[in-house]
Amino acid sequence: MTHVLPREYESDDLPPDQIQGYISVIGPETVFSGKAGVIRGSSKPYQGKKADRDEVERHLGKSGFTILAESPLGFSVSAPAGAYEDLSGGKIRISEVLTRVVPGAHRYVTRIDIVGENQPEALGLGLPRSKTLKVDGIVLEKPRYPHVHQLLVADPSVFPPSSPKFHLTVPDGIATGLHSNPLLQQGLRGDGVRVVMVDTGFYKHPFFLAQHHHLKRTLTVVPGTNPGWDPVGHGTGESANIFASAPGVEFQGIRASDNSGNLVGSFNGFVIAKSLQPKPQVISCSWGSDYPYPPTVGLDPSDEALVLEIKHAIEQGIVVIFSAGNGHFGVEPQVPGVIAAGGTIMAATGSLRASNYASGYESPWFGGVKVPTVCGLVGLLPRAQYIMLPVPSGCDLDVSESQDEPDEVGDGTTPKDGWALFSGTSAAAPQLAGVAALMLAAKPNLTPAQVAEAMVKTATDVTSGTCHPRFGNTATIGPDLATGAGLVNAEDSLKYTQKTF
Amino acid sequence: MGHDFLEAVLKWKSGHKAEPVRAWLEQHGLSVVPIQAGLLLSGPSDSFARAFHCDVSALPRPAQLPVPPPFRDHVSLIEIPRIRFPMSRPKSY
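Chains as they are written, first to last, in the numbering used here: chain P, 1 to 501; chain H, 502 to 594.
Each hint should be verified, as a subset may be incorrect.
Stretch by stretch, here's where chain P covers chain H in the computed footprint (C-beta under 8 angstroms, at least three residues) [said to hold, decoys possible]:
1. 506–515
2. 518–526
3. 533–545
4. 585–591
Derived DEER-like restraints, expressed as beta-carbon distance ranges [as the list claims (entries may be wrong)]:
5. LYS62/P - ALA559/H: 46 to 52 angstroms
6. VAL534/H - LEU68/P: 39 to 45 angstroms
7. PRO444/P - PRO567/H: 46 to 52 angstroms
It is worth saying that the hints were derived from the structure and are not from the lab.
Quick reminder that beta carbons are idealized off the backbone N, C-alpha and C, glycines included.
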């Protein structure tokens, strides 16, 4: 069977608290000879001596294993991952294996394996570390399927569903709008540029797997949260905007949400991001705070601390991109040196105007700072259902965007298909991150200021529309408070850097 | 834990002694990370509640926590930041 999806990939999921397995006790003959079809006839040659079974049983009992059942051949057990690792000297590895579960349907199935030096290739099989312990092999339980159609809830599809609403797709619609296609056609893909995104989570959707993106294992901020999951779908979906322009980046996601998807660890997430080694080249953040506007008070002391961290990251040479806000007035996009990602909408005709979903204002706290710096592609009020993005099936966004609201119908997808129409300046920040990555791949020593200058000097001017009504600024000829310098242009940004720096 | 995690920023006074404060915070179940402005604290809300003797879940955000008396010469403030929002949805009024 050939398939566009990879046959296997390492899962970000944590191992279960208890792993079911089987410990085979060595007999006159080994069960695990590696030769297929050699076990014929009686089981007697494979049965261990009673004394050996007793010794193994004692060892397992002292080593964290619970014995569930026994036979002359071995023991059914349950134990945490660490117990199997101690017994084998190997490491537990969780992977997702593309498996035919019913005729005509494949899905990724979680498999647990023991890997390491001296461990066999066969999935789910391990060998003991000790040469004296009478253990023939360690078998980890693999999923088994009932022969009924209970497993027809598939993984999300690689390709998005259709929708009656005009929308952009990833990667093509975004690459077209941002003028990344000419660079992609030359083989310029942002290869190897280290991009970090702090968000609600990063699920390995089949869309990303089919594109063979370089996704590092997600880091988590909040103890007890699953690195393989994204309860909201926000981080998962919006990260696709990076790859639309720069499919070759080395992507590190940092999950800063709790089990409900609240961004309770965003400060920690940013500090972790800027402290990674090797240092990231771009940090993209599609979240922010909100203050009264015009502000009646100064910055919170805790936000002054965040400002310092952001400034420090920029001083270290990291390009830091924050969403401008969707009517929000937050401190993050105002920090001097941050590339504040605003919103422009591209219609089906290709015409551009300011998105009324996106914030735009002059900073009252940081003299000379105007938000946004430059724009990405963002939809319009009320819902900005503009870009079809991959999300975990049944996550918050999959459900909410599919539902009608009083002021606008749903996105035309189903609540559990793993695709949803959304955008916001959440989409603009990673779009700019992808464009930054294209520049940094060509010229790795660009400073954050140079990246911003290139984007600003070459942006496509947007001369109509207004930003979010909270601010009410109108797009005009030249830079303005609705769209900043305009819509980022990847091709011209790169040409500018090659000519100028 | 994944449902009640909190972060807070601790700012030092000049001439502060960091170690006794860090040790006290860690003894109360809080993680402590040095940042440019001072310390970033994090942990479950009940650890914050026990350490600072207040119902943190009832506090509006941002929220300043009471600095324990032994540390008032070293710590200028401890504040739980305002909430951060993903920027896919519009500001709600």
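* Kindly indicate which numbered hints from before are broken by the structure, ordering the numbers from low to high. => 2
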